[in-house]
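*Asks:* This is what each chain is made of:
Number of protein chains: 4
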Amino acid sequence: MISDTIPENVVLLLSCADRAGLVSRISRFIYERDGNILDLDEHVDPVEKTFFIRVSWRYESASFSLSELEAAFRPLGTEFDASWQIRLSGRKTRTAIFVSRYDHCLQELLWRHSIGEFPVDIALIISNHPDLAPLAAHHGIPFHVFPVSRDNKDEMEQHELDLLENNAIDIIVLARYMQVLSSRFVDRYPARIINIHHSFLPAFVGSSPYRQAYERGVKIIGATSHYVTEELDQGPIIEQDIMRVSHKDTLDDLVRKGRDLERLVLAKALRLHSEHRILVNGRKTVVFE
Amino acid sequence: MISDTIPENVVLLLSCADRAGLVSRISRFIYERDGNILDLDEHVDPVEKTFFIRVSWRYESASFSLSELEAAFRPLGTEFDASWQIRLSGRKTRTAIFVSRYDHCLQELLWRHSIGEFPVDIALIISNHPDLAPLAAHHGIPFHVFPVSRDNKDEMEQHELDLLENNAIDIIVLARYMQVLSSRFVDRYPARIINIHHSFLPAFVGSSPYRQAYERGVKIIGATSHYVTEELDQGPIIEQDIMRVSHKDTLDDLVRKGRDLERLVLAKALRLHSEHRILVNGRKTVVFE
Amino acid sequence: MISDTIPENVVLLLSCADRAGLVSRISRFIYERDGNILDLDEHVDPVEKTFFIRVSWRYESASFSLSELEAAFRPLGTEFDASWQIRLSGRKTRTAIFVSRYDHCLQELLWRHSIGEFPVDIALIISNHPDLAPLAAHHGIPFHVFPVSRDNKDEMEQHELDLLENNAIDIIVLARYMQVLSSRFVDRYPARIINIHHSFLPAFVGSSPYRQAYERGVKIIGATSHYVTEELDQGPIIEQDIMRVSHKDTLDDLVRKGRDLERLVLAKALRLHSEHRILVNGRKTVVFE
Amino acid sequence: MISDTIPENVVLLLSCADRAGLVSRISRFIYERDGNILDLDEHVDPVEKTFFIRVSWRYESASFSLSELEAAFRPLGTEFDASWQIRLSGRKTRTAIFVSRYDHCLQELLWRHSIGEFPVDIALIISNHPDLAPLAAHHGIPFHVFPVSRDNKDEMEQHELDLLENNAIDIIVLARYMQVLSSRFVDRYPARIINIHHSFLPAFVGSSPYRQAYERGVKIIGATSHYVTEELDQGPIIEQDIMRVSHKDTLDDLVRKGRDLERLVLAKALRLHSEHRILVNGRKTVVFE
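Protein chains in written order, with this note's numbering: chain R, 1 to 289; chain S, 1 to 289; chain Z, 1 to 289; chain A, 1 to 289.
Calculated directly from the structure, the hints in this document are not laboratory data.
Do not rely on the hints blindly, as some may be mistaken.
The list cannot tell twin chains apart, which means a pair is met if one copy fits it or any two copies do.
Stated by the list, open to error - DSS-like, lysine-lysine: derived pairs with alpha carbons at most 25 Å apart: (1) Lys153 with Lys268; (2) Lys268 with Lys49; (3) Lys257 with Lys284; (4) Lys92 with Lys268; (5) Lys49 with Lys153; (6) Lys153 with Lys92; (7) Lys257 with Lys268.
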């Protein structure tokens, strides 16, 4: 049961080919079961004629379970040939963080986690280096080291995948993880791996984006959070932000300023994902803020 | 008739006390008349328990007029005890601009008008000075001078009100108009007079905000567009923006930088209003971007 | 004579290999001739070990001409093996604007020119289309049409170069000019042709940057003003700015939002140049704001 | 001795009434002692006719101590009737942080301290509550609790002042410290107490600025870091920044978004201070970035 004693908030994310009556049908489905809509955001891609919706609603008291609610909605989803999911707002997203040696993104996520800022449950941390184990320990989060190398990559990734599955992980966050994941790995978590790239994509893909930015003499640097796909730095962009720089800034200054961008942009992307605000639209995202 | 040959887009803006089923009822109303929703944005004020909605939809071919559509919707509006309006997206908002001597905001609005950037029909310009008459003439817009003084204010305002009424003006834009309108005037156009104030309200109300900002030594200046109410600079805020300044900036620099803010912020506020994206919520606005 | 009756402001821009004593020698040169420094900004590139300085100073009454001042400074410049120029702040930069059909950047520059916002004298406008002639006429600026085509490019450019030379043009501004200038042309005006590119360079070089941005699904768009070099969109960046976009923005919306960026960024670049605030450092700029 | 073996960087901050020759005299002083200027930034307040300068220079090898250098400069300082200080860039600023119960600003400063991001030595933490003692302990920083109340304020402050003096504290940072310091306390540390106020000053002075912002319906919130003076929230502003909000943001959302502003703005202010980049100019600051 969702709950028969306390109120419960529910979120539907849905996309399908556009047609008349979608909002009417969906909102009637909610109304008929005594749900009260809190927030509804809808978008139609005018080029692809695709319909995207996020609705959150509230039951003061519901006599059915989440799976019963899903079962009740299934005929509509099938009729619309839609991709959809229904989530409980109160249930935290099971998250695994991958890191290497830089601590700033991990620090940021752990701090937000510790004050309960987003509905994220950091279940474990995976790293190819032992350096950040003490930080994980301070926060009481299991820390697993997989020293990935060219030779053992397949094997290490298999261990990682097993660990993720055993822990029922929903979302993987690459918090400045300096290894490229294999296609096999990425395919297992479509639109469920979030990366932070330290440039304003599509500028400066690949390695050393701050050095590239410094050498090009840009007046603004950026950071980009995106879902990971097979092609490096080409996945759907979730969030970007920028900061002004000038000729006075050395390469070290860019790195320092960029750290603040990276951790805020990555944290925002994880918040948006965990609040079920993102739908993927081909190479792009629809983000209902 | 809305149109029986070409497609027509319609916008509904509505607010009322929140209750279950509002979205369902409204979207069914649209669906039953063969409208296809293009964009729906909904908000519930969690403190006041007030419901706000903007829906735009499209008829491929409609056999009824706008007033017939309004008549059909009226029972719902009455049942919800709602404040509402239905507008045709294709119909331009009849606009009067009030100016004094500064030309930058007027220039900006006339330029956007000339390239058709927003659904605004600038019907006339009113000023208390003749200075900007040549600019109006260049754009072919009627320019009326009312040399308001302390002694003749009532009389001048009456002439202005007559002129506005005779021209079926929907919205008045104060584009750096240096006179305070009387309560009597303001009451005639509730939430239909847009002002630009050259500060980041509520900082620096009243006169000489740039001087106040300069003397306070702020590191950021701003501009605020708001609906005019009886209380000076206290009306609901529509849009704000800011710009960085430093100790190097003289008072003249603040004025220069501020001009760019003022004209962009005012233009955006007028665009939002003319696209029917703003609902007033007490002292605040709900802006569906 | 600079002036023997009214005060006169002078600006020195200088770059050379770094060594001890440069500021001391330069400031003594100014002090010995009764100049009072108003503003001094200095930068040493820590990688290239290059010294850059902008000093502005004021003579309450000077008994020498600008060329006498230059002659007096020459030994220092030679000793430092420096690239340098001395300019009178009160003398406006002779400017030619190149346009095609879009009017927004031209409008912006003409408006700022008309209110005397920057020390720019717009001497003439060159276009490959006649469309914007009326706008030029309204502002009383000579407008020359050169219908450049693949076949006549050399000849047309020669006419343009003659016109520029005959009018003693200091700086050329490409205000959304849709032709690529030849290397021969560019070589004649090194670091004296300013372009506006409608993307956040180096992202989206070449044509249709808004379409590229739309298809990539970026969350922020940008505009970049840079000096033109032989390589397309690769010249030293002067100024950049950005604006947020979302999945709701159509390609047309990006174009509309981008217009505001383009005209403000280009106007700022021209202001910085005309106030003698820019030094080129290889592929980069040093901008003393 | 500054150092006779390794290079040493020195910073001079100086302000005095403007007059001709100041830069020349100061740069000659540096040059004559074999210093090489790295960075020089100068500003003349055009209204007050006050001169401000920050110069940093480097000795490859210096045969004198800092106090010998100060002694050598003293005659110049006296002649100019200047307020001045000479600092070694390599020497960290002894810092005390005051906190109450919110941890976000303290976390931020401790993290930056731990990675050596700014030349700050956090010597101790003072609080009126014991809550954040574990965080201080994790970073190995002494944590002192002074449970200030109306009745014991004088006495508690005297203990705090003693502690600060015994620890040779240069700068006090109020990291969301919820007590108002007495005038007697503030007078002991002029321009040496940095506060973070969670609004865009001068808007929303006093308590509950987020609530005030929420009720006013602003579209942008801010944070302001300033030196503390006797008058509450009226001291010279060092740094401000802002973030967009909308009608969708609840009061809790403003608090959450504001936290990110507060910690970044406060950290930047402390960095600027510890790098000796700030001069106070009456109610304002000159910040040489």
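*Asks:* Evaluate Lys268 and Lys49 at a C-alpha cut-off of 25 Å and name the case that applies: within, between, both or neither.
*Replies:* Cα proximity of Lys268 and Lys49: none, with 28 Å in one copy and 28 Å across.
*Asks:* When Cα atoms must be at most 25 Å apart, do Lys257 and Lys268 count as within-copy, between-copy, both, or neither?
*Replies:* For Lys257 and Lys268, both the intra-copy (17 Å) and inter-copy (11 Å) Cα distances are at most 25 Å.
*Asks:* First find the shortest C-alpha distance between Lys153 and Lys268 inside one copy, then the shortest across copies, and answer within, between, both or neither for a cut-off of 25 Å.
*Replies:* neither (30 Å within a copy, 41 Å between copies)
*Asks:* Have a look at Lys153 and Lys92 and pick one of within, between, both or neither, based on CA distance no larger than 25 Å.
*Replies:* neither (31 Å within a copy, 44 Å between copies)
*Asks:* At most 25 Å between C-alpha atoms: does Lys92 with Lys268 qualify within a copy, between copies, both, or neither?
*Replies:* within (16 Å within a copy, 33 Å between copies)
*Asks:* Checking Lys257 and Lys284: alpha-carbon separation at most 25 Å within a copy, between copies, both or neither?
*Replies:* Answer is between; shortest inter-copy Cα gap is 19 Å, intra-copy 27 Å.
*Asks:* When no copy is named, should Lys49 and Lys153 be tagged within, between, both, or neither for a Cα gap of at most 25 Å?
*Replies:* neither (41 Å within a copy, 44 Å between copies)
Violation of the numbered hints given earlier is confined to hints 1, 2, 5 and 6; the remaining hints are satisfied by the structure.
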